[in-house]
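Taking our numbering, the leading residue of the sequence shown gets 8, the next gets one more, and so forth.
Heads up, a few of these hints could be off.
[To be verified] Computed cross-link-like contacts, DSS-like style, restricted to lysine-lysine with a CA-CA straight-line distance of at most 27 angstroms:
| no. | residue 1 | residue 2 |
| --- | --- | --- |
| 1 | 72 | 154 |
| 2 | 121 | 98 |
| 3 | 102 | 224 |
| 4 | 99 | 121 |
| 5 | 98 | 242 |
| 6 | 183 | 98 |
[Said to hold, decoys possible] Here are the in silico distance ranges between beta carbons for each label pair:
| no. | residue 1 | residue 2 | range |
| --- | --- | --- | --- |
| 7 | 155 | 291 | 20 to 28 angstroms |
| 8 | 70 | 14 | 24 to 32 angstroms |
| 9 | 270 | 180 | 45 to 53 angstroms |
In short, the hints are calculated from the structure, not lab data.
Keep in mind it's a predicted model, so treat the numbers as computed, not measured.
Each residue gets a CB set at the ideal place from its N, CA and C atoms; glycine is no exception.
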Amino acid sequence: VELVSLPWGQAFEKFLTMVQAGDTPDVVEMPERWMGLYANNGQLEDLGPYMAKWDDAKTLGDRAKQFGSTVNNTQFMIPYGYYVNALFWNKKLFKQAGLDGPPATLDEFVEDSKKISAIPGKYGYCLRGGPGAFNGMHMFMNIAAGKGGYFNEDGTSTINDEGSVKGLQMLADMYKNGLAPKDAVSWGFNETVTGFYSGTCAMLNQDPDALLGIADKMSADDFAVAPLPVGPSGKSYPTLGYAGWAMFANSQHKDDAWKLMATLLSPKDNLEWAKEVGVVPIHN
Numbered sequence: 008v009e010l011v012s013l014p015w016g017q018a019f020e021k022f023l024t025m026v027q028a029g030d031t032p033d034v035v036e037m038p039e040r041w042m043g044l045y046a047n048n049g050q051l052e053d054l055g056p057y058m059a060k061w062d063d064a065k066t067l068g069d070r071a072k073q074f075g076s077t078v079n080n081t082q083f084m085i086p087y088g089y090y091v092n093a094l095f096w097n098k099k100l101f102k103q104a105g106l107d108g109p110p111a112t113l114d115e116f117v118e119d120s121k122k123i124s125a126i127p128g129k130y131g132y133c134l135r136g137g138p139g140a141f142n143g144m145h146m147f148m149n150i151a152a153g154k155g156g157y158f159n160e161d162g163t164s165t166i167n168d169e170g171s172v173k174g175l176q177m178l179a180d181m182y183k184n185g186l187a188p189k190d191a192v193s194w195g196f197n198e199t200v201t202g203f204y205s206g207t208c209a210m211l212n213q214d215p216d217a218l219l220g221i222a223d224k225m226s227a228d229d230f231a232v233a234p235l236p237v238g239p240s241g242k243s244y245p246t247l248g249y250a251g252w253a254m255f256a257n258s259q260h261k262d263d264a265w266k267l268m269a270t271l272l273s274p275k276d277n278l279e280w281a282k283e284v285g286v287v288p289i290h291n
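Using the sequences provided together with the hints, build the complete structure.
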């Protein structure tokens, strides 16, 4: 197998350029947000016929089938795992600030950030303001608004709803008031995770894959993971993301491509993959 690896920060643009130039792989790691583009353009293979003959499909969770067929109800992708957002918190910094545990509400989230930020050189929250920032911002907007998704029932965007505006304003005010590092406005995934395990900031909302770096740099006694705080509605709306494997329709090696995918997605190898990259596995 020839592996082509792209840096994540520019992966979408670089891969799109490759595809437009006709340089398509047989198998691609497909984030959920990319699938609509390539599936709607007729560039992905329908995996349904392959799955019909795949013994391991019997233990595949219903969500994997659902999430991999969001375009035209066709299985263009099979997820390899799920990313569920949660709140990482630094026990030492919380104790130093006189706090007993993680915030349960958005109000507590802000107040706890203020107390921790009063410690010289420390900040309450690892804000992600650079690449990939909107995902986390939109999540807090949904929590503040008390509803998930991007659209109202009438088809209008939720972005200008009163609750959504309050959620975004909360994050902007936290940054302006020094509750997040000044350079966090340009932080991406790596910078926020580093900011957390270095002890610069005490809270980080991230997916399970962040645990790989954090657990390697911090003692298990010094941090914990909690549910995201709830908003005024009493509910929280953590993001659920996923990525998986897809096959390009113009592949000249479809049988071999499927063999690779079936191996990577088998219960044994999928579990090992999930442990390695920090996702929730797909098999029941």
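Okay, the hints, checked on the actual structure:
no.	hint	in the structure
1	72 x 154	holds, 25 angstroms
2	121 x 98	holds, 16 angstroms
3	102 x 224	holds, 20 angstroms
4	99 x 121	holds, 16 angstroms
5	98 x 242	holds, 24 angstroms
6	183 x 98	holds, 25 angstroms
7	155 x 291: 20 to 28 angstroms	holds, 25 angstroms
8	70 x 14: 24 to 32 angstroms	holds, 29 angstroms
9	270 x 180: 45 to 53 angstroms	holds, 49 angstroms
Going down the numbered hints, you'll see the structure goes against none, and every one checks out.
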